[in-house]
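**Q** As you go down the protein sequences, you meet chains A and B in turn.
All residue numbers for the first sequence refer to my numbering, where the first residue is 890 and numbers rise by one.
All residue numbers for the second sequence refer to my numbering, where the first residue is 17 and numbers rise by one.
Hints are supplied without guarantee of correctness; some may be wrong.
[Unchecked claim] Mimicking PhoX-like on lysine-lysine, the simulated pairs with C-alpha atoms at most 25 Å apart in a straight line are:
1) B:K20 <-> B:K81
2) B:K129 <-> B:K20
3) B:K314 <-> A:K1097
4) A:K1097 <-> B:K159
5) A:K973 <-> A:K1152
6) A:K1078 <-> A:K1121
7) A:K1071 <-> A:K1082
8) B:K110 <-> B:K81
9) A:K1097 <-> B:K313
The set of hints was computed from the structure by calculation and includes no laboratory data.
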Amino acid sequence: MAGARVIPLHDPERDAARRSRHVEVVPEPEQQQSATPDWERRLADLLSFARRRIAGDYQVDEFGFDRDLTENVLMPPLKPLYEKWFRVETIGLNNIPSAGGALIVANHSGTVPLDALMTSFGIASEHPAHRHMRMLGADLVFRTPVLGALARKSGQTLACNPDAERLMSSGELVGVWPEGFKGIGKPFKDRYKLQRFGRGGFVSAALKTGAPIIPCSIVGAEEIYPMIGDIKALARLLGFPYFPVTPFFPLLGPLGAIPLPSKWYIEFGEPIRTDVFGENAADDPMLVFNLTDQVRETIQQTLYRLLTQRRNVFLG
Amino acid sequence: MTPKVVLVTGVSRFLGGHLAARFAANPDIERVLGVDTEPPPRDLLRRMGRAEFVRADIRNPLISKVISTANVDTVVHASVTASPAGPTGRTVMKEMNVIGTMQLLAACQKSPKVQKLVVKSTSAVYGSSSRDPAVFTEDMGPKDLPSSGYAKDAVEVEGYVRGFGRRRPDVNVTTLRFTNFIGPRIDTVLTRYFALPVVPTVLGYDARVQLLHSEDALAVLERATLHDLPGVFNVGGDGVLLLSQAIRRAGRLNLPVPSAAVPTVGGFFRSARLVDFSPDQMRFLNWGRVIDTTLLKKEFGFTPRWTTQQAFDDYVNGRGLKPLIDPETIDAAERGILDAAARFR
Chain A
890 MAGARVIPLH DPERDAARRS RHVEVVPEPE QQQSATPDWE RRLADLLSFA
940 RRRIAGDYQV DEFGFDRDLT ENVLMPPLKP LYEKWFRVET IGLNNIPSAG
990 GALIVANHSG TVPLDALMTS FGIASEHPAH RHMRMLGADL VFRTPVLGAL
1040 ARKSGQTLAC NPDAERLMSS GELVGVWPEG FKGIGKPFKD RYKLQRFGRG
1090 GFVSAALKTG APIIPCSIVG AEEIYPMIGD IKALARLLGF PYFPVTPFFP
1140 LLGPLGAIPL PSKWYIEFGE PIRTDVFGEN AADDPMLVFN LTDQVRETIQ
1190 QTLYRLLTQR RNVFLG
Chain B
17 MTPKVVLVTG VSRFLGGHLA ARFAANPDIE RVLGVDTEPP PRDLLRRMGR
67 AEFVRADIRN PLISKVISTA NVDTVVHASV TASPAGPTGR TVMKEMNVIG
117 TMQLLAACQK SPKVQKLVVK STSAVYGSSS RDPAVFTEDM GPKDLPSSGY
167 AKDAVEVEGY VRGFGRRRPD VNVTTLRFTN FIGPRIDTVL TRYFALPVVP
217 TVLGYDARVQ LLHSEDALAV LERATLHDLP GVFNVGGDGV LLLSQAIRRA
267 GRLNLPVPSA AVPTVGGFFR SARLVDFSPD QMRFLNWGRV IDTTLLKKEF
317 GFTPRWTTQQ AFDDYVNGRG LKPLIDPETI DAAERGILDA AARFR
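Excised from the complex, chain B in its bound form:
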């Protein structure tokens, strides 16, 4: 079933905005509504074309009026986010994530026209610890429930979404658990982290990192909206990079920090406005997280075009990250040593 009227939340951010732009370019969709608390940046707004921007706070019951008067039949909830707006933005972020979702779901429940709900969730709901299996499938849960931050928000959001699914069994609910996004255009905590000239890591740990190209993320969200594919799906690129390996591929220098000093260093980077890591993201740097995407390929019918490694390389090239040691220098050094060795034979 192709939706007639689509409402997308979080359009002033990368995913929501570009998703609205894709829907606007689709002639089968009659109307595209984009909701956010602040207007999208100008270039994003231009891309969105005929999509209408509604400046509304999803924490406000007003959203219910928007949904019912516009006859929205499909809601794409893409505003659940891991990036706080600023140093004090963590409380606001939590409110937007959790209370916003509650209000939005309440509005959806009220409107009989709503036929489909697509939720952008995260694989952070699986947590990250040493006692976890290496690869998470959709039916696994976290060993210990995340006590704070984005992961906890996402667990709560998914709980409300499940509740909504029970109360409105006629609505197709698709929950997508994404890995971290990467790409030349998207701006996330991770893209800022790898762009640091010296990248701090936790001493003695090397996380397995699975990434998803932002274009693949958009394609998955689009597919979930245009087709009826209810269920919970893990979404991530194929393959794995070790954190140390990713830092080397980006040509950065690795700065191992002892566990005890991690909060201090994290605080420094936060106050310097370089990268804002929450404690659950710090844990992610310790253990990493890999998810199984069999269901995505078999049932959802989507195979990511970029593997984790390709997506990361695309990010490195697209951002123009210059390696601290030029690969040419390394090649030259290798040749030089071998030539010298040949002379000594």
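Okay, chain A solo, but in the shape it has when bound:
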């Protein structure tokens, strides 16, 4: 539809193309496309997007995921950050299945959850199936106005077992950061030391649905906002889990909120199968603990390996 609209009525170049197509047996759609300049097609896309938004003509799933908005508005601004600022390199994307439920478990760091955004952007743009990772977020996110609504629209949902199981059994790719605020808000001196992995709720959700667990190790995110202090009183006042002090924030004000341009590596490890443990595996706490430890250890070891290979924080 959008393509059909941009075709101008009187254009010598296109008319010539149309005439020539009459002679040809097989019409070439490529030629037709190249006749309209790129910016004009983009304008047409933009206008049809605007029309869809004004008319409310788009689909939202039961978790509130608005694919139209995510792909056209929320994702594009991440592109320069991903490609130019952090120069993210992904390793082992082939470990992520192209279809079906799976659970990505990653380390959390960086004071601001940019690591989650970069991972989801990396999978959406570089994985052959361009899958949208559905992230599980803390309830603080959903309680916060604007942020909570945006989180739902971008496909996130509350980190709880019913939601995780529902997503995975409907064949979605789920992302979880089990360290939570303990991981993201840890002091700079503890960088790349994995914190406690919650209560293993993510493992039991994976066991229940039989979805594979893909350990994911992110290197580089620890250095974007080196947290050297935490103003606890201010955090309590504002209702935040921590109030970060970095070498530049709050000293330089908004300038200090610019993340340092560290070089990032995101490695996806071998999937750990969870469908081999039988029917009631999720009710076996020992198995859940062991699997949790296995995932945690895999991520920790991969982090150490990636760190030894890295020569410079900013150049990689």
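Model the placement of chain B on the given structure of chain A, informed by the hints.
**A** For chain B alone, coordinates are given in the frame of chain A:
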């Protein structure tokens, strides 16, 4: 088992009245009794045909006499409502909902002839908060019990219904937890809300809204009455609309109101007799609510004919809501810009 004598409560309202009309049109049912405190509107009464209207208050023990003398074997309790009768109607509404249900259940318990009870409940019993899972199944409960309003009424009503089920295990009890109704004919808080030219919403929040077409609601209640399908079932249309999206589809303008000003704005709309929102419904506008209807489809054997989006569109078309900005204008603007762009190439 097809019921012989059916008693429907709340027949002066849309659901109860139309349900009684459907039963009256069913030749297998011998007698249909409709109960309410006030007579149904004339057009509804005409539709109800041979159904008999009994002007009675279910808060009054008289209802027991009606049930036993008429040999009622099936009771459809459709009068639990979210819409108060007026600005001061909230206390009356609560009494009708809770005390009325207690009296009705007491009467049912007394009458050995009663074989089946169908209760129209609401998904509001799940509450609405940021800490809830995205989708509710029948076995979930609210994170914090609703402290007031319709949701609290419904929780209490369901409690009494469970108690009745324990005391009369021979009676088939079906509890139906409906989402909000929508449709061209039904009049609810939500249909009035979306008909406002400028629709106030809570700034920074966008609720997920699941709706059920009123015709589907009638069909579900009818099916529950005509067949033996005991249990608790979520009933809602497939799919979800975001509140902002619904407002756009209705062609209305969205007016985001900061949380702090919401009670004031709500009070204004109540005193202007436009829309009467209770605090729990305000919370619904913050978070919304989505329920899982697998059980309805698999065990109850009913798939709603309208999805949430279709039901909403039917409401918009049926009510003749005129969008503030004509879609033709938007199309024309889009074409105009593209033509202009083509000329500049």
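**Q** Broken hints, numbered, in rising order?
**A** none
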